[in-house]
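Participant: Chain by chain, the residues:
2 protein chains.
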Amino acid sequence: MPIRSEKLALQLENPFKLSYGATTIRENVLLHLDKAIGEAAVVPYYGETPERIIGYFESLPPLPDPFFLEDALDALPPSESAAARAAADIALHDLWGKQLDQPLYKLWGLNPAHAPQNSFTVAMADDETSYRERLRSAQKYPLIKLKLGSGTPETDLDLVRIAREELPNRLCVDANGAWTAEQGIKAIPLLAEIGVIFIEQPVAKEDFEGWRDLKTHLPAHIPPLIADESVQGVESVPHLMGLVDGINIKLAKCGGLRPARQMIALARAYGMQVMIGCMIETSVAITAAAHLAPLADYADLDGNLLITNDPYRGVKIENERIVLPDAPGLGVERCVE
Amino acid sequence: MPIRSEKLALQLENPFKLSYGATTIRENVLLHLDKAIGEAAVVPYYGETPERIIGYFESLPPLPDPFFLEDALDALPPSESAAARAAADIALHDLWGKQLDQPLYKLWGLNPAHAPQNSFTVAMADDETSYRERLRSAQKYPLIKLKLGSGTPETDLDLVRIAREELPNRLCVDANGAWTAEQGIKAIPLLAEIGVIFIEQPVAKEDFEGWRDLKTHLPAHIPPLIADESVQGVESVPHLMGLVDGINIKLAKCGGLRPARQMIALARAYGMQVMIGCMIETSVAITAAAHLAPLADYADLDGNLLITNDPYRGVKIENERIVLPDAPGLGVERCVE
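Just so you know, the sequences run in chain order A and B.
All residue numbers for the first sequence refer to this note's numbering, where the first residue is 1 and numbers rise by one.
All residue numbers for the second sequence refer to this note's numbering, where the first residue is 1 and numbers rise by one.
Treat the hints with caution; some may be incorrect.
A pair counts as met if it fits within one copy or between any two copies, since identical chains are not told apart.
[Stated by the list, open to error] Subject to a maximum C-alpha distance of 20 Å in a straight line, what follows is the list of computed SDA-like cross-link-like pairs (lysine to any residue): (1) LYS98 <-> PHE67; (2) LYS7 <-> LEU167; (3) LYS140 <-> TYR46; (4) LYS98 <-> PRO328; (5) LYS35 <-> ILE25; (6) LYS98 <-> ASP326; (7) LYS98 <-> TRP108; (8) LYS186 <-> GLU154; (9) LYS140 <-> GLU13; (10) LYS140 <-> GLY151; (11) LYS316 <-> ARG4; (12) LYS215 <-> GLY271; (13) LYS35 <-> PRO238; (14) LYS140 <-> SER130; (15) LYS316 <-> LEU143; (16) LYS316 <-> GLU27.
For the record, the hints were derived by calculation from the structure and aren't laboratory data.
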């Protein structure tokens with residue numbers, strides 16, 4: 001099966017200011033596997049590099065006939081890079097769907113009409129004026145996710161209050177693990193008062209004690225608390241049972257569509273909500289994730305909307321809804337060479 | 001969608017003597033749903049009756065387009081009868097596969113070559129001579145499951161010793177919940193010495209304390225202990241974590257293929273083994289279960305081999321292997337009217 005790696009330099013519409021640092025360009029790597037395609041997001045804070053990902057692609061053994069998808073997935077070698085494994089998993093799903101001549105969501109029996117409203121991320125800005133501008137430019141998106149982690153819970157609350165002033169849209173927040181449990185216990189009821197619909201990763205990645213403190217000390221009727229960095233692959237889900245209200249599943253974090261579906265099954269067995277999230281990615285990886293959206297409570301699939309040079313076309317957002325393509329496999333097509 | 005119920009009187013090749021009682025005929029109910037088919041096993045000890053099952057079929061509301069299988073499954077009303085729900089679930093999967101023009105195992109990406117060896121059940125007999133005859137007539141099956149529950153663990157061990165004398169075949173046993181934990185702690189190491197490869201349901205259905213005692217007091221290197229009656233639907237699996245080595249999943253017990261697949265996902269997450277089992281059923285329900293066999297460690301799909309008037313043809317056992325049909329959906333066809 002012919003394999004080819006392709007490095008892409010993705011141009012960000014706005015520099016992305018996070019609690020981790022700022023960035024204006026992202027280099028992702030595409031995997032071309034026969035007539036199928038996958039994508040690996042190069043996320044610096046997950047230790048990913050294009051070289052490591054390309055090394056993985058080049059190390060792939062001859063794969064079994066992806067007509068037997070599970071076998072082909074089982075034959076993928078392990079890798080430290082979840083994004084590289086995700087790319088191979090996505091490409092094999094694409095190939096399988098093309099061989100069976102059906103889009104993935106149909107091969108899973110899913111109704112695309114059940115995909116939740118998609119959220120659009122508004123990053124922090126250098127000053128209040130440009131933040132307000134950025135918010136106004138996102139006005140058309142019905143559900144807006146505010147990135148927090150501005151320094152203190154107080155300045156974070158200011159960002160949410162500014163957003164509430166500027167926009168009537170539904171708001172949710174991603175604290176990116178910036179708070180201690182003690183800070184969260186104070187800030188979260190205030191966010192609830194402002195009407196924030198969920199709060200993502202209030203405490204640090206490894207702070208399981210913090211998650212437990214939030215669960216113990218917060219009142220019952222607050223917005224759901226969703227783990228993002230605290231959840232990685234399938235094996236990380238059972239540790240969060242009883243500590244979080246939901247998990248944010250990202251293909252580049254968990255290793256692809258198969259582990260993502262296993263995580264959804266586990267989350268549902270534990271009564272957790274499910275968010276399908278993404279990295280800065282083209283329509284290849286975003287469309288792959290979007291095929292799972294009918295199984296999710298929240299979709300945060302805006303990585304392709306944040307770049308200006310997406311070479312692919314796939315999932316669309318129309319009238320605020322996620323619209324899945326109907327072509328076989330992922331259903332994406334290249335629109336620029 | 002046109003719906004029709006059909007009662008079948010299944011003739012058993014040998015009267016089935018169990019710890020629950022004996023039986024020579026079984027009445028199952030087929031569900032004809034448009035061009036698709038499902039089957040409900042009428043298992044008296046699960047409180048099933050043909051009337052209750054037919055009542056469920058007749059109560060089915062208009063179902064959504066099974067092109068969106070998950071929606072159609074979600075639209076099935078609840079029922080006390082897991083077998084009735086299983087029949088509807090099987091028929092919807094059959095219809096979905098026919099609409100997508102693919103056999104179910106391909107829609108799940110499974111390689112049928114990974115199906116485990118099938119086991120064949122030898123029931124108890126009225127006397128030793130006829131038991132020995134029954135064993136000899138099962139000689140062609142490489143893996144034989146002995147039904148125990150003859151009265152005492154001592155007489156059960158005698159059955160296994162007789163089987164070992166008569167046959168070189170691989171043996172496993174199903175105690176049907178006939179023992180106390182104390183009896184199991186004595187009997188199981190002796191079964192291990194005879195080379196029995198697994199022991200199903202040593203203690204009673206509700207005896208979770210018994211399962212715990214077995215786990216605590218038996219040595220580490222004994223054959224796996226598999227729950228059958230102690231496991232029902234998806235929600236019963238988490239209670240068995242750490243208590244059993246595996247679970248026997250039967251469509252008529254859990255409500256169909258979708259819950260069965262959820263149970264497999266949970267079992268794997270808990271490191272449990274998986275057996276796909278069955279009731280006395282025609283090739284309709286047996287073939288449905290067989291599509292899941294590539295995901296299992298053990299297959300106990302002999303319900304259709306125990307009846308003499310199976311009106312359908314589907315999964316076959318060839319050279320000791322499970323051979324799945326390649327036609328769309330379940331892939332079964334009617335061979336007598």
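Participant: Measure nothing new, just compare the shortest in-copy and cross-copy C-alpha distances for LYS316 and GLU27 to 20 Å and report within, between, both or neither.
Facilitator: neither (23 Å within a copy, 52 Å between copies)
Participant: When Cα atoms must be at most 20 Å apart, do LYS35 and PRO238 count as within-copy, between-copy, both, or neither?
Facilitator: neither (37 Å within a copy, 41 Å between copies)
Participant: Checking an output row: LYS35 and ILE25, CA cutoff 20 Å. Within, between, both or neither?
Facilitator: Neither way: LYS35 and ILE25 sit 28 Å apart in one copy and 54 Å across, limit 20 Å.
Participant: Please sort LYS215 with GLY271 into within, between, both or neither, judging by C-alpha distance up to 20 Å.
Facilitator: Only inside one copy: LYS215 and GLY271 sit 15 Å apart there, 28 Å across copies, limit 20 Å.
Participant: At most 20 Å between alpha carbons: which applies to LYS316 and LEU143, within, between, both or neither?
Facilitator: within (16 Å within a copy, 53 Å between copies)
Participant: At most 20 Å between alpha carbons: which applies to LYS98 and ASP326, within, between, both or neither?
Facilitator: both (11 Å within a copy, 19 Å between copies)
Participant: At most 20 Å between C-alpha atoms: does LYS140 with GLU13 qualify within a copy, between copies, both, or neither?
Facilitator: within (16 Å within a copy, 69 Å between copies)
Participant: Indicate which option fits the pair LYS186, GLU154 if close means a Cα-Cα distance not exceeding 20 Å: within, between, both or neither.
Facilitator: Only inside one copy: LYS186 and GLU154 sit 10 Å apart there, 66 Å across copies, limit 20 Å.
Participant: With identical chains, the pair LYS98 and PHE67 could be close in the same copy or across copies; at 20 Å between alpha carbons, which is it: within, between, both, or neither?
Facilitator: both (10 Å within a copy, 18 Å between copies)
Participant: Given a CA cutoff of 20 Å, do LYS140 and SER130 count as a within-copy pair, a between-copy pair, both, or neither?
Facilitator: within (18 Å within a copy, 79 Å between copies)
Participant: When no copy is specified for LYS7 and LEU167, does a C-alpha distance of 20 Å or less occur within a copy, between copies, both, or neither?
Facilitator: neither (38 Å within a copy, 62 Å between copies)
Participant: Between copies, within a copy, both or neither: which fits LYS140 and GLY151 at Cα up to 20 Å?
Facilitator: Close neither inside one copy (28 Å) nor across copies (73 Å); limit 20 Å.
Hints 2, 3, 5, 10, 11, 13, 16 from the list above are not met by this structure, while the remaining hints are.
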